[in-house]
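Asker: Each chain, written out:
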Amino acid sequence: MYSLLRLFGYNLNPIRDIESSALALAWGWAGLVLLLIALVPVSWWVYRCEGKNISDKMRRQLLTIRVVWVILLAFLMCGPVLVVSGLVPQRNRLAVMVDTSRSMSIKHKEVSRLDQVKKLFDSGFIGKLADKTGIYPEVFSFADNVSPVSRQEVEQFNFSPDGNQTDISNAARNVVGNLGEGSLLGIIMLSDGVSTTGDNPAMALANLRTPVHFIAPGQEGESADMALHLTRPPAQGYLNSSVRVRGEVSLHRVATSSVTVTVRRNGEFFTSATADFASGNEKAGFAFNIPCEEEGSFRFELDIPTLENELTSENNQTGFLLKVVRERLNIIALSGRLSWDMKFIGNALLTDPNARTVHWARLRDNRWVCARDLKPEKAVSNPDLSEDLKLADVLILSAADYDMLKPIETEIVRRVEAGTLGLLLLPSSKGFAELGYQGTQIEQLLPVLTSSEGWRGTPGNLVLPSSETPYNFLRLTDDPIQNVEFFATLPKFEGVYEYAGLKPGSEVLISSTVRSNSNQLPFMIRARAGLGNVVLISGGPLWPSGFRLVPTDRGFSPYSALIVNMCKWLANRREDAQVSIELASSRGYVGQGNNVKVWVLNSKNELQTNAQVSLTITDERDGSTSLPCIETSDKGCYETAFVPAFRGLHRLEAEARYQGRELGRAKSEILIEMSTAEFDEPVVKTSLMTQLASDTGGVFATIDQAAKIIAAIDAEPGQKLESKSVDLRDSWLLLIILLLLPMVEWYLRRIWGLS
Amino acid sequence: MTSIKQRIFAIILTTVLCQASLSGVFAADFDRTAIPRVKYGGGGDWYTGPTSMPNLLKQASERLRLPAQIENIAVSVADPELFRYPMLYLTGHGQVRFSDFEINTLLNYLDNGGFLWVNDSYGIDRFIRREVRRLYPDREFEMLPADHAIFHMVYNFPEGLPKIHEHDGKPPAAYAILDKGRMKILYTYESDIGDGLEDAGIHQVDTPEIREKAMQMALNILAYVMMQ
Numbered sequence: 001m002y003s004l005l006r007l008f009g010y011n012l013n014p015i016r017d018i019e020s021s022a023l024a025l026a027w028g029w030a031g032l033v034l035l036l037i038a039l040v041p042v043s044w045w046v047y048r049c050e051g052k053n054i055s056d057k058m059r060r061q062l063l064t065i066r067v068v069w070v071i072l073l074a075f076l077m078c079g080p081v082l083v084v085s086g087l088v089p090q091r092n093r094l095a096v097m098v099d100t101s102r103s104m105s106i107k108h109k110e111v112s113r114l115d116q117v118k119k120l121f122d123s124g125f126i127g128k129l130a131d132k133t134g135i136y137p138e139v140f141s142f143a144d145n146v147s148p149v150s151r152q153e154v155e156q157f158n159f160s161p162d163g164n165q166t167d168i169s170n171a172a173r174n175v176v177g178n179l180g181e182g183s184l185l186g187i188i189m190l191s192d193g194v195s196t197t198g199d200n201p202a203m204a205l206a207n208l209r210t211p212v213h214f215i216a217p218g219q220e221g222e223s224a225d226m227a228l229h230l231t232r233p234p235a236q237g238y239l240n241s242s243v244r245v246r247g248e249v250s251l252h253r254v255a256t257s258s259v260t261v262t263v264r265r266n267g268e269f270f271t272s273a274t275a276d277f278a279s280g281n282e283k284a285g286f287a288f289n290i291p292c293e294e295e296g297s298f299r300f301e302l303d304i305p306t307l308e309n310e311l312t313s314e315n316n317q318t319g320f321l322l323k324v325v326r327e328r329l330n331i332i333a334l335s336g337r338l339s340w341d342m343k344f345i346g347n348a349l350l351t352d353p354n355a356r357t358v359h360w361a362r363l364r365d366n367r368w369v370c371a372r373d374l375k376p377e378k379a380v381s382n383p384d385l386s387e388d389l390k391l392a393d394v395l396i397l398s399a400a401d402y403d404m405l406k407p408i409e410t411e412i413v414r415r416v417e418a419g420t421l422g423l424l425l426l427p428s429s430k431g432f433a434e435l436g437y438q439g440t441q442i443e444q445l446l447p448v449l450t451s452s453e454g455w456r457g458t459p460g461n462l463v464l465p466s467s468e469t470p471y472n473f474l475r476l477t478d479d480p481i482q483n484v485e486f487f488a489t490l491p492k493f494e495g496v497y498e499y500a501g502l503k504p505g506s507e508v509l510i511s512s513t514v515r516s517n518s519n520q521l522p523f524m525i526r527a528r529a530g531l532g533n534v535v536l537i538s539g540g541p542l543w544p545s546g547f548r549l550v551p552t553d554r555g556f557s558p559y560s561a562l563i564v565n566m567c568k569w570l571a572n573r574r575e576d577a578q579v580s581i582e583l584a585s586s587r588g589y590v591g592q593g594n595n596v597k598v599w600v601l602n603s604k605n606e607l608q609t610n611a612q613v614s615l616t617i618t619d620e621r622d623g624s625t626s627l628p629c630i631e632t633s634d635k636g637c638y639e640t641a642f643v644p645a646f647r648g649l650h651r652l653e654a655e656a657r658y659q660g661r662e663l664g665r666a667k668s669e670i671l672i673e674m675s676t677a678e679f680d681e682p683v684v685k686t687s688l689m690t691q692l693a694s695d696t697g698g699v700f701a702t703i704d705q706a707a708k709i710i711a712a713i714d715a716e717p718g719q720k721l722e723s724k725s726v727d728l729r730d731s732w733l734l735l736i737i738l739l740l741l742p743m744v745e746w747y748l749r750r751i752w753g754l755s
Numbered sequence: 001m002t003s004i005k006q007r008i009f010a011i012i013l014t015t016v017l018c019q020a021s022l023s024g025v026f027a028a029d030f031d032r033t034a035i036p037r038v039k040y041g042g043g044g045d046w047y048t049g050p051t052s053m054p055n056l057l058k059q060a061s062e063r064l065r066l067p068a069q070i071e072n073i074a075v076s077v078a079d080p081e082l083f084r085y086p087m088l089y090l091t092g093h094g095q096v097r098f099s100d101f102e103i104n105t106l107l108n109y110l111d112n113g114g115f116l117w118v119n120d121s122y123g124i125d126r127f128i129r130r131e132v133r134r135l136y137p138d139r140e141f142e143m144l145p146a147d148h149a150i151f152h153m154v155y156n157f158p159e160g161l162p163k164i165h166e167h168d169g170k171p172p173a174a175y176a177i178l179d180k181g182r183m184k185i186l187y188t189y190e191s192d193i194g195d196g197l198e199d200a201g202i203h204q205v206d207t208p209e210i211r212e213k214a215m216q217m218a219l220n221i222l223a224y225v226m227m228q
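Same order as they appear, the protein sequences are chains Y and L.
At position 127 of the first sequence (counting the first as 1) the number is 127 in this note's numbering, and the numbers step up by one without a gap.
At position 214 of the second sequence (counting the first as 1) the number is 214 in this note's numbering, and the numbers step up by one without a gap.
It is worth saying that the hints were derived from the structure and are not from the lab.
Small disclaimer: the values here were computed from a predicted structure and weren't measured.
You can take every hint at face value.
Okay, derived cross-link-like pairs now, BS3-like style, lysine-lysine, Cα gap no bigger than 27 Å in a straight line:
{"#": "1", "chain 1": "Y", "residue 1": "K667", "chain 2": "Y", "residue 2": "K635"}
{"#": "2", "chain 1": "Y", "residue 1": "K503", "chain 2": "Y", "residue 2": "K430"}
{"#": "3", "chain 1": "Y", "residue 1": "K378", "chain 2": "L", "residue 2": "K180"}
{"#": "4", "chain 1": "L", "residue 1": "K213", "chain 2": "Y", "residue 2": "K375"}
{"#": "5", "chain 1": "Y", "residue 1": "K109", "chain 2": "Y", "residue 2": "K708"}
{"#": "6", "chain 1": "Y", "residue 1": "K283", "chain 2": "Y", "residue 2": "K109"}
{"#": "7", "chain 1": "Y", "residue 1": "K378", "chain 2": "L", "residue 2": "K58"}
{"#": "8", "chain 1": "Y", "residue 1": "K378", "chain 2": "L", "residue 2": "K163"}
{"#": "9", "chain 1": "L", "residue 1": "K213", "chain 2": "L", "residue 2": "K58"}
{"#": "10", "chain 1": "L", "residue 1": "K39", "chain 2": "Y", "residue 2": "K492"}
{"#": "11", "chain 1": "Y", "residue 1": "K406", "chain 2": "Y", "residue 2": "K503"}
{"#": "12", "chain 1": "Y", "residue 1": "K390", "chain 2": "Y", "residue 2": "K323"}
{"#": "13", "chain 1": "Y", "residue 1": "K708", "chain 2": "Y", "residue 2": "K119"}
{"#": "14", "chain 1": "L", "residue 1": "K163", "chain 2": "L", "residue 2": "K58"}
{"#": "15", "chain 1": "Y", "residue 1": "K430", "chain 2": "L", "residue 2": "K58"}
{"#": "16", "chain 1": "L", "residue 1": "K213", "chain 2": "Y", "residue 2": "K378"}
{"#": "17", "chain 1": "Y", "residue 1": "K597", "chain 2": "Y", "residue 2": "K635"}
{"#": "18", "chain 1": "L", "residue 1": "K163", "chain 2": "L", "residue 2": "K213"}
{"#": "19", "chain 1": "Y", "residue 1": "K597", "chain 2": "Y", "residue 2": "K323"}
{"#": "20", "chain 1": "L", "residue 1": "K180", "chain 2": "Y", "residue 2": "K375"}
{"#": "21", "chain 1": "Y", "residue 1": "K430", "chain 2": "Y", "residue 2": "K406"}
{"#": "22", "chain 1": "Y", "residue 1": "K430", "chain 2": "Y", "residue 2": "K492"}
{"#": "23", "chain 1": "L", "residue 1": "K58", "chain 2": "Y", "residue 2": "K375"}
{"#": "24", "chain 1": "Y", "residue 1": "K128", "chain 2": "Y", "residue 2": "K708"}
{"#": "25", "chain 1": "Y", "residue 1": "K118", "chain 2": "Y", "residue 2": "K132"}
{"#": "26", "chain 1": "L", "residue 1": "K170", "chain 2": "L", "residue 2": "K213"}
{"#": "27", "chain 1": "Y", "residue 1": "K375", "chain 2": "L", "residue 2": "K163"}
{"#": "28", "chain 1": "Y", "residue 1": "K390", "chain 2": "Y", "residue 2": "K667"}
Sequences and hints are given; from them, build the entire structure.
Answerer: Take a look at the structure:
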């Protein structure tokens, strides 16, 4: 068949020996039949006008020529393609793969595994392979990825054990894919067999038709080792709770009944835990609790003792970062009486699932009622407010007489000034003097001078400053002009308190037109008290006005967003309001990618699309990198990835902008460690490599027995089954036949005297 | 015949006079709570017991330190002014009917923090249940147990809702429409707390003790509403 196809002039290279073939038509066989049905009547019509009688023999000859021509024409019109398959001889290739993962730095008798490979190469191993096969091997290094290594680099032994993980399966598949399995005489893998990631090598390599030979530097069970692992270390803890940390210590050729794990927090001794080994067990768990007593990020480092001549000490320590946060936005409200304002503020706050409210209101005779998350409880006498205050992030005071605050006054002032408690003061029918604040510590926190104060009960509108407010909680619509209009068109409130003046440093956030449009009075005033924020609302009632928005097209949400965002700002949780960073883990590894998600909300607490989000990463050496975040398919979510080059604490700061305006910033931290995965099981995997070699038709040898591998390499060239499609129209001979047939008929008709 | 004509005239005259006395809806002053009664359709006497809410607000001001607007105010559910008030009071003896628009507005009001107290003065039960089903087709009235906070907020009612006015000899019961724990509608059935809140002498059978009990329960309701 090969000769026949060659005779017709078809190019079959590189196939020399056809194993199988298949004919296909571009139009399909049905197309051929339809064509024949169409062409036969046409031919018949062309030839039907024959005027003379001819013999049957002549008729048969002419008919045969016509039929053959029509069939051939129809066949060629249908686009015939012949698919031929055959074996193609391959050029011999041999792959040598050197494991450069960190586990190759483990030393055996003071010589690292990679140094043993170097010794082997120095002894002329590559040259001997070349002599045996007649080809110079293709050399690769592999760990996380596979890289080809030049001949010069091989001669200089330019390998370093810096890969954080090993994927034997991927490495073998990659090399086979690159070099072509048909041409490969074999793969020689110099590795300790520690595969820390990817598919199970036993499954992946079993499908290869190329023999994989293993040369193991070092022997299984040669040295003792202890390893420390943490089981999903906690990333976040909540204030006034505790987190439990669990881990495991594993032993190899170490006889001991217990191992002490030392825990340090921010470099100082924190606690110790013991892993007790049952008889015959090589693994034992340990656990300890971390009480979260203060907010912040804490770096925990754990280690176990290092043995003399231990295989590696890199797996004797580990660490994690614990961020202690307040679980909720806790708001405590104290009212000197039942308050409508507080009822609606509570409803607004509870639109945030993370907000928790405690509202204490005093009735007559020192009886108080309390509602937790708006669930009222029965009245009690003289309650102890200090417990609720301790958990609070924001304190709201509404007509709270000084005698109510006196027992907790010092604590309020201390916490506000420390920045751990925000203070919101609401207006009431009583002024500060009547409430008894004058001359108290509480008065020191007020943003206004209370030497004179008077209620101006004239309805008025709210006025935002004409310049864009820097306070996100006051941005209820994205457009600054619309935002100003929004506040201006809120239902009028009944009046404001007029004070003697503002204290130095106080800032008017919203004004009112109560006095006049041109001579406005402060409505919302903020001041800083130490590290904390204080906001005074001098007029009202604003909240029922907000409630009146409900039947309008604006809905209730801008009002709720104002309250929630203001409380978050007061609680010094600015990052919670607009931008937040989401990390898959608070711990990452050098050289490995870390995905960072940044969630962006606008001033209405709606997820923001089309924002410009960037992430700045600063390492402990103060080296910083800025990365743009790409918007994901999740609304309001932006993502980027970074690969840390150094270990240590990395600070992340995300900034989100929309149409050039800053929406907010968020900060987070990630602790970058050197991965210990390569050292989790540091012993040489002799049995695994023996099995893999056996499954693929290869040979396993220790580094001292490398000559066995050279002897096992089969130098015979390989062959590869290849397929080729041949267009049968691509033949001069066929064209000649196609033209010759009508000419023959014409000639016969001429000599037989036919028309 | 004359007697019937006189009765009809008397009813019309009474209605006109009552409505005239309630003319206009007063704006709630700053920081002062008002509780308007709901003007509803259907023919029921929504205006019954005009002194009950002023009396309640007066006592709330004195006993609970609640700044109150002590007036008898009425508001239609369709009126946008509805949203000025934290709580609505509905009472009567007969047919209660809301239009579709009123149902939507009332739903909006209740779902955004408002509260409706329905006091059964007698004969309202069938109609109010029908209208509440229109408001919340997927919810049923839940009977409040005696240990519910509303019976213990300020004054203690260990037995639950007190009996103020005798109707059919049935026990009193408090029903509520609750949403994630928040009470949106309270329906006090077979108790008639509203009667007990009225001025002394209007209902001769209500002794001062009975009237005090009614006031205490109503103050409990008010305190509960203002805290939730």
